[in-house]
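Protein chains: 4
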Amino acid sequence: MKKVTVGVIGAGNIGKLHINNLKRNKNVRIKMVSDLFADKLEKWFADSGVEEITKEYNDILNDEEIDTVFICSPTNTHATLIKEAASKGKNIFCEKPISFSDDETLEAYKTVEEAGVKFQVGFNRRFDKNFAEIRKRIGENKVGDVHIIKITSRDPNPPNLDYIETSGGLFFDMTIHDFDMARYLAESEVVEVFAQGTNLVNPEIGKKGDIDTAIITLKFENGALGVIDNSREAVYGYDQRIEVFGNGGAIVADNETPTNLKYYHKNAVETDNPLHFFLERYNGSFISETEQFVESILNGNETKVVFNDGIMAQRIAQAAKESYESQRPVKVDNEIGG
Amino acid sequence: MKKVTVGVIGAGNIGKLHINNLKRNKNVRIKMVSDLFADKLEKWFADSGVEEITKEYNDILNDEEIDTVFICSPTNTHATLIKEAASKGKNIFCEKPISFSDDETLEAYKTVEEAGVKFQVGFNRRFDKNFAEIRKRIGENKVGDVHIIKITSRDPNPPNLDYIETSGGLFFDMTIHDFDMARYLAESEVVEVFAQGTNLVNPEIGKKGDIDTAIITLKFENGALGVIDNSREAVYGYDQRIEVFGNGGAIVADNETPTNLKYYHKNAVETDNPLHFFLERYNGSFISETEQFVESILNGNETKVVFNDGIMAQRIAQAAKESYESQRPVKVDNEIGG
Amino acid sequence: MKKVTVGVIGAGNIGKLHINNLKRNKNVRIKMVSDLFADKLEKWFADSGVEEITKEYNDILNDEEIDTVFICSPTNTHATLIKEAASKGKNIFCEKPISFSDDETLEAYKTVEEAGVKFQVGFNRRFDKNFAEIRKRIGENKVGDVHIIKITSRDPNPPNLDYIETSGGLFFDMTIHDFDMARYLAESEVVEVFAQGTNLVNPEIGKKGDIDTAIITLKFENGALGVIDNSREAVYGYDQRIEVFGNGGAIVADNETPTNLKYYHKNAVETDNPLHFFLERYNGSFISETEQFVESILNGNETKVVFNDGIMAQRIAQAAKESYESQRPVKVDNEIGG
Amino acid sequence: MKKVTVGVIGAGNIGKLHINNLKRNKNVRIKMVSDLFADKLEKWFADSGVEEITKEYNDILNDEEIDTVFICSPTNTHATLIKEAASKGKNIFCEKPISFSDDETLEAYKTVEEAGVKFQVGFNRRFDKNFAEIRKRIGENKVGDVHIIKITSRDPNPPNLDYIETSGGLFFDMTIHDFDMARYLAESEVVEVFAQGTNLVNPEIGKKGDIDTAIITLKFENGALGVIDNSREAVYGYDQRIEVFGNGGAIVADNETPTNLKYYHKNAVETDNPLHFFLERYNGSFISETEQFVESILNGNETKVVFNDGIMAQRIAQAAKESYESQRPVKVDNEIGG
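Protein chains in written order, with the working numbering: chain A, 8 to 345; chain B, 8 to 345; chain C, 8 to 345; chain D, 8 to 345.
Mixed in with the good hints, there may be bad ones.
Note that identical chains are pooled: a pair holds if it fits in a single copy or bridges any two copies.
[Said to hold, decoys possible] EDC-like cross-link-like pairs, simulated, lysine to aspartate or glutamate; straight-line CA separation at most 16 Å:
1) 136 with 279
2) 214 with 91
3) 149 with 279
4) 38 with 59
5) 136 with 287
6) 136 with 261
7) 33 with 302
8) 273 with 162
Hints in this document: simulated from the structure, not taken from any laboratory.
Extracted from the complex, chain A is given alone in its bound form (with noise of 0.2 Å):
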């Protein structure tokens, strides 16, 4: 059988993941991966199952046999890397968000949409079994019409702040997720938003000039309404929570745990806290979002998250972004043509 040969470009913490996940496909290839830290990273390559390692993405962007690249740099190399990986017919699979700006991100999927290459963004809840779950149902009108999306999203702890820095804030780096998450269950567009945030968790974010602790509302085109409420620390762990309501009912995604257990004590009932990050969380999607991905490039058929949900997730965010600033609602615009 045909394989993929893929290279990937950034060995952070995502990098490694997506090639952790990519070795058990015993249709892919990994030939080679590229980081500006590559000679660090030589105890972890021995035992990586990627061929060669390299500092210069070039190499990868350039090797004829690499057909797939993955794009785990941060996020503000994102647009580059695509244009230039589709410009040498490579097949695309990049990180959230595309850019923090709306014009890139648009030049980028231009370049994409002449190659003609796939293109997946790394939105891997969708791939959640919960969440698809969700999304399957929703489809077989368990809940009717949708009239409200709810989505409970909180990190176990903040990330730190040399990182915030270059997130491009909660909105871009955290929300994003949700928003697409939203956009999906929705299947349909958000056109305003109005975004709540606030600096509560640690005042060295608010310095920094971003919040950490957020409500969002969305509206959507076909006059459902959505929140998103966000927090960068919740002490009991990642709280991933969902909840569909229509006029047929509605449906909710409680967090996932270790165990089942129930320990009946003294003082209370405890069962277990939330799975401890989106590592252990979302290690099923992650798995999922490259094994569909691989699938779409053997088998020719369109991929999970198309270039569009990558620009309408970022164009959220910027909404959100301005939201908060302003303290207005925002239109969201959905014409690619922008």
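Go by the hints and put chains B, C and D onto chain A.
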């Protein structure tokens, strides 16, 4: 409207409980209460809603206005009191168990039958909203043919050692409720019992000749099996759960709790312990059993827990005791003729 | 013991409910009820436990034995009745909302203050065992500093269209309970509101100028954020859930159900729908609010829901209305002086 | 790194399952599989990751490269195969039960002891994340002294009737897993068994001389009691629950489900049925048991389920069978000397 005029024999915890519940019923007049320690009950009596207090239960039996007697004295007095009360034409509500002897119980039964008075045994759990609903759904064929009935029944802490001595032992004192529940849910008689018991909670209980931990297997006339597990001490509270399994499905009743709150903190997610003990847990069913008993008298309907229910629960307890002692399964005779 | 002698103005559903609960309280004498349609209430009155019925609420206000008035008439009569009752020195229990106008409410407030009578607003949900326990645990610092309060409040079905017209709209009629709950749990005033609303349940509601689906974002004085989601129709029943999230953890209150049974069948595991509507769901809190009000009068304690609570909830509702209409966040004035 | 070279005897469902899991382990080479119907397995074999297929299990035993044998053939061949494999110095993983005869099993045991090879029995449930965590917490004294162990174990549907005949009966085929789990959790030997069984699911099973519904009471050496309830058919799916109760509390393991969604609709709140059957439910524990077995070989550690575990589970099954037939409690001999 006609009123029921009640006399209560025995003003211990359970007698007071019934008085308190009867007081809420506008169709009931509580004319008299008798207790050997009447002189120590002045304070309670002042606010009890009862008209008279006496040391002499005969004052109640001889009072012509009193048409209904609640027997809340120690078990070894029940049979005699039933006979005397029935001879005087009083309706009778008797606490469980009726007696420790099948012969005594049958004699009492005959007197009641001859007198044609209303009679109810205090198996209040039949009136619990959860358990009553299980029975209702069994009747609606929700579980199909019943194959297995499982009852978990654990007290929060053991009774004092003096009580243990006069209690009749675990099977007559505690499991008797579960035996009644098993019959009630199975809608079939128990034909055989095997009881495994042991003394794990407190060695003093063993010295009194009783056990504090038990597993009892039941065989029903309709072919179903049952199992009860008991403990005199569950440190997390009163554990009262039931499960009915059949070829159409299963129904499970969980514990009731003070609130339904979930508290997520650093170490676990906590929910409430079960309601503390029978006064809290079966508060509603105690109220309901007296209301329905009063209603039976006023409207001439059959009571919800008839004399036969008392006889059979007692026989199963007796069989369990014999089984535990002989370590053999023991048959239960279901012919009242004996 | 001293008794509270009550007159009830308005014998609609809520008036009857309070009468029924007051009847259980042995420290209460319900001397009179007034209703415009008194002549249609004969049957109910016969069994109501109330001594007299009248068409004229002035009969109540002029009765010197009556020391306490329950105002259960339509909202647009509340302010006037409060002023008249206070002038006569009556203690007042007034259904929510106090009025639709801040000026009217403040006037009534001043009269009550001058008269020095007891006053309580009918925010019964504060007395719900689950919600009261959340508040208690917040006080015990179980969630640390409160960051986010989330309230889900959905009715099982919309009121009839005639009622919609006089209801004051969703925010004054339905969300007002949630506004009070938000303040109660935050222990902090709401300083800003943004309300997103829409008409998805029934177009006829829209034609009456009202909405039936809403998401309202709140900002509290202490920096916390809040969000309420409302719907006039949840097909699965009355959906009343609350979540409080802070830097020490989170507490979640789920719906209450008729039983706790789990039914396993071929296609799913089923549990009960929520208790149907407010009469069932808040039965206990309706009882408790009147008991505690009566207790406040008898013992001279402050009531649990004071006039200020009525004023503030009303102002938040007003701000929500303005926010919805202007699509801007709207400030809430928390100075009573106005 | 050293590799383990495996031969698998028997390519039925369970043999294929192990091959599939072994294939994921980079320290394992699966050199050969034998099956009487090897010629019908071509299609599966092509993609199996196994190097050779044969009809002759002796090809495996005689292959000098193969150091480890998985015995996945019918139970009546296990003892002989163990002896032959051990004589050849192979490490052995043997499916449960080891045999239907204590003598045969003890003979096999002696050969294994003399050969000094690694041996593991296929009690995969010990590796289930929930059950392993219960055991861990018992070790941490979370439940104090264990008083009662309860195991619910019900299949979603009965095996076909041909299988019933060679299965050794319910106790040897199905309950044997529960017997092992009981010993594992109690950390104490079973000293006495009472088994109540019946034929309620399908009369054809009764005609084959087997039962399909059972309740088995256990007595442990340390004084604790245990109870297992079995059914060959739970229409709602594979029901696998465990509860351990002690003087410090209780721990309950519930079923695992495909998703954690709650679906609220007009008639009920629905959650998922349990995962269908053992392949789904114990997928993780099957993977883990082979991984840990391989790890034991590579690092020279003791296996997690030793020969003695196989012997004891089998003896309890034998005692249960005798108890069911004689309707008497039956002692279990825990001396290997026999």
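Hint-by-hint comparison with the structure:
| no. | hint | verdict |
| --- | --- | --- |
| 1 | 136 with 279 | between (20 Å within a copy, 13 Å between copies) |
| 2 | 214 with 91 | neither (36 Å within a copy, 55 Å between copies) |
| 3 | 149 with 279 | between (30 Å within a copy, 14 Å between copies) |
| 4 | 38 with 59 | within (6 Å within a copy, 30 Å between copies) |
| 5 | 136 with 287 | both (14 Å within a copy, 15 Å between copies) |
| 6 | 136 with 261 | within (12 Å within a copy, 20 Å between copies) |
| 7 | 33 with 302 | within (12 Å within a copy, 24 Å between copies) |
| 8 | 273 with 162 | between (31 Å within a copy, 13 Å between copies) |
Violated hint: 2 only; the structure is consistent with all others.
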